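Q: Chain U: place on chain L using the hints.
Line by line, the protein sequences are chains L and U.
Positions 0 to 174 (numbering that gives the first Met the number 0) are the ones given, in order, by the first sequence.
Positions 0 to 186 (numbering that gives the first Met the number 0) are the ones given, in order, by the second sequence.
Where hints are given, some of them may not hold.
Selected chain L positions facing chain U (Cβ under 10 angstroms, derived; list incomplete) [to be verified]:
id: 1; residue: Met77
id: 2; residue: Thr107
id: 3; residue: His111
id: 4; residue: Gly147
I should point out that these hints are in silico values taken from the structure, not numbers from a laboratory.
Since this is a predicted model, take the numbers as computed values, not measurements.
All residues carry an ideal CB built from backbone N, CA and C; glycine is no exception.
This is what each chain is made of:
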Amino acid sequence: MKKTFQNPAPADTIELNTDFEVRSLDTVCLNESHLQHPWWYNLKYAAAGILFGIVLVKSQVISWFRIQEMFRLQSFHMYGVIGSAVAVGMLSVWLIKKFQVKTIHGETIEFHPKQFNKGNIIGGLLFGFGWAMTGACPGPLFAQLGTGAWAVSVTILSAVAGTWVYGFFRERLPH
Amino acid sequence: MMEFLKQPWPWYIAGPVIGLTVPFLLILGNKHFGISSSLRHVCAACLPANIKFFQYDWKKESWNLFFVAGIAIGGFITAAWLSDPGPVTVAPQLASELSTYGVTDYQSLIPADLFNWPELLTLRGFLLMVVGGFLVGFGTRYAGGCTSGHAIMGLSNLQLPSLIATISFMAGGFIMANLFLPHILSL
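Okay, chain U solo, but in the shape it has when bound:
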């Protein structure tokens, strides 16, 4: 059993479990699955600055902050006790492309060659971590949700705006990964 748990899980186990989060949260207390709102609650709690968008009772939505804290704890538990020590397997075409950018460390799911403190002081690292993070936060709120709120919860509830948002997420990702990212990674 432990041996199985330590292997990377296939999509046909992970996907349905992620999908079950939707009814799980609804049945636990009428909560609509979504993660990016936590970022807004942090703004409302720490720096509302008289901005109307952050003037609401964030404490009423604090379940969402407990949920994301749980996600981080889940990440910790997995890294500490359930992780597979072997290197990450990556599609050969991707590995050969990445090697041209000097990305060769496959020990972690988060490439150590790109996401670390010293790299933050380089243009490449700054773009990936700081600008990338900013786009995630700005874009998700502008779009009204992220992959969880739109792609999973919204599509589960058959919402057309969520389908449009999901298509836009994917289009943005394809454009960035294929047109711009090769140049950023070459920096």
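This is chain L alone, in the form it adopts within the complex:
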């Protein structure tokens, strides 16, 4: 890996971009914590990832066949997985908000509303095309690689390339 900021921008520019780009348009997958911790605190997320990865494989969510069954309405399995996951997630978020649950470090858990933009539809359709072709969304791609399907590394690199190309053309795309 190369050094991070080869083109050093003034610190305030980076701050501004962080606020605008990461916070408002892409409020997903975010670190809302304001605490500074040593790097090894992140190992707890690796542990969470391991459990999540095991579940993805054991429930066959990473199966190309299961994704095809879902989009051909030939099996209830994936609908059951996603539906019950969303139900449990909704209940959990509701409980966290209602009882103002704090993190294990004592921080208040924060939520931010998402704003609609046309990308939700156009990007969503394109993502759906890719999902049916590869038989995997991003999480399962990493789990597939872990199970020893090495050719999937090409799919992951291609997904990184797709993300990069989106970043490159972002200003010119309808949002």
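A: Relative to chain L, chain U alone:
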């Protein structure tokens, strides 16, 4: 116990466990469940190329990279010690359709007939792996998230844009699987 673990898990066990990832990450440290951002962090870390979209402090979000590394390790652990040796069971209609495309290997969850190195040099394999992967990466960022960030985290937080995105994911998948994929698989 081990016998149970080695069987494929039913949806009513897997789904709730996946759903519990949402509060788990929030309580561990205010982290919003989502996976596709890791792809963006890789771009920001390796090739920001002066693109504004990649100029941010990715190290602050590095928890996400630890999380996806964990997912890969989880996949490895399952394949090594928890896997069910039998062939994958597939809906009979799907199996008969796939046999017409020469997809007959059910030993792995990832069909060995389609996803392998030599296949990459064929038009079919190139479309499935390279173009498919590109669409996943491009589409997810354009949509502002993937199945985890929108369909699970976003819906859990009752976000309308996430519902719209999820419906678009499904619509795209239905269109591709039923209208275009049969032609691609016939190549």
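Q: Each of the hints needs a verdict: does it hold here or not?
A: Each hint tested on the structure:
| no. | hint | in the structure |
| --- | --- | --- |
| 1 | Met77 | holds, 8 angstroms |
| 2 | Thr107 | holds, 8 angstroms |
| 3 | His111 | holds, 8 angstroms |
| 4 | Gly147 | holds, 6 angstroms |
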